[in-house]
Amino acid sequence: GESVGLHLPTLSVQEGDNSIINCAYSNSASDYFIWYKQESGKGPQFIIDIRSNMDKRQGQRVTVLLNKTVKHLPLQIAATQPGDSAVYFCAENLGIQGAQKLVFGQGTRLTINP
Amino acid sequence: DGGITQSPKYLFRKEGQNVTLSCEQNLNHDAMYWYRQDPGQGLRLIYYSQIVNDFQKGDIAEGYSVSREKKESFPLTVTSAQKNPTAFYLCASRRQGATNEKLFFGSGTQLSVL
Numbered sequence: 001g002e003s004v005g006l007h008l009p010t011l012s013v014q015e016g017d018n019s020i021i022n023c024a025y026s027n028s029a030s031d032y033f034i035w036y037k038q039e040s041g042k043g044p045q046f047i048i049d050i051r052s053n054m055d056k057r058q059g060q061r062v063t064v065l066l067n068k069t070v071k072h073l074p075l076q077i078a079a080t081q082p083g084d085s086a087v088y089f090c091a092e093n094l095g096i097q098g099a100q101k102l103v104f105g106q107g108t109r110l111t112i113n114p
Numbered sequence: 115d116g117g118i119t120q121s122p123k124y125l126f127r128k129e130g131q132n133v134t135l136s137c138e139q140n141l142n143h144d145a146m147y148w149y150r151q152d153p154g155q156g157l158r159l160i161y162y163s164q165i166v167n168d169f170q171k172g173d174i175a176e177g178y179s180v181s182r183e184k185k186e187s188f189p190l191t192v193t194s195a196q197k198n199p200t201a202f203y204l205c206a207s208r209r210q211g212a213t214n215e216k217l218f219f220g221s222g223t224q225l226s227v228l
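Protein chains in written order, with my numbering: chain W, 1 to 114; chain Z, 115 to 228.
Don't read these hints as lab results, they were simulated from the structure. There may be inaccurate statements among the hints.
[As the list claims (entries may be wrong)] Computed cross-link-like contacts, SDA-like style, restricted to lysine to any residue with a CA-CA straight-line distance of at most 25 Å: (1) Z:Lys197 <-> Z:Asp144; (2) Z:Lys216 <-> W:Gln14; (3) Z:Lys185 <-> W:Gln45; (4) W:Lys42 <-> Z:Pro122; (5) W:Lys56 <-> W:Asn67; (6) W:Lys42 <-> W:Ile112.
[Stated by the list, open to error] Just a few of them, taken from the derived set where beta-carbon distance is under 10 Å, the chain W residues facing chain Z: (7) Glu15; (8) Gln38; (9) Asn93; (10) Val103; (11) Phe104; (12) Gly105.
By construction, the Cβ of each residue, glycine as well, lies at the ideal position given by its N, Cα and C atoms.
Modelling step: build the complete structure from the supplied sequences, incorporating the hints.
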């Protein structure tokens, strides 16, 4: 089906370590992917995006990889900080009858331990 | 200061009552969306609108209604037919047209049943 899923609902890492948050998507026709960060009681904030014609995109301390063979979209966060603690969502964009629709995964709660 | 404004931050509904959640954006975006978020789950699409005076049902539209009389505004009404309305509601908008257009989110409204 058109679902985006995450392998792990929770992830804990030590401050300063690197973290990888996994995401699996199911629709091979998805053409655009986004990672969002959501802090408690707030709306999701954009982190990074990637188009289907790319296999890697880097931002500040974040990197997203796109493996279309296995339909994985891992998010790497380097040198984690306490402010990185949040829930992270991946989303895939589906074009349906001219409308662009984002389908979100369940989310992974990342906790940065001091 | 451009953005999406949702109000109120917290809302309480009595049994049998309809309540309306406000969403206003000054980003000049054509497309607007309403998502519902339950604890431990991802975002589920309720309704979306690509243009003024037009909107489409999302995945969980039953018990909800919307209107899009102005480009800037996309209010969501939670009707008495929605038997489990307690959730965090998020409004979002994006530019229409290109595939790689990210969603911008409001800060959300927490709806609870009295």
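So, going through the hints one by one against the coordinates:
no. : hint                  : in the structure
1   : Z:Lys197 <-> Z:Asp144 : violated, 31 Å
2   : Z:Lys216 <-> W:Gln14  : violated, 31 Å
3   : Z:Lys185 <-> W:Gln45  : holds, 23 Å
4   : W:Lys42 <-> Z:Pro122  : holds, 13 Å
5   : W:Lys56 <-> W:Asn67   : holds, 9 Å
6   : W:Lys42 <-> W:Ile112  : holds, 19 Å
7   : Glu15                 : violated, 25 Å
8   : Gln38                 : holds, 9 Å
9   : Asn93                 : holds, 6 Å
10  : Val103                : holds, 8 Å
11  : Phe104                : holds, 4 Å
12  : Gly105                : holds, 5 Å
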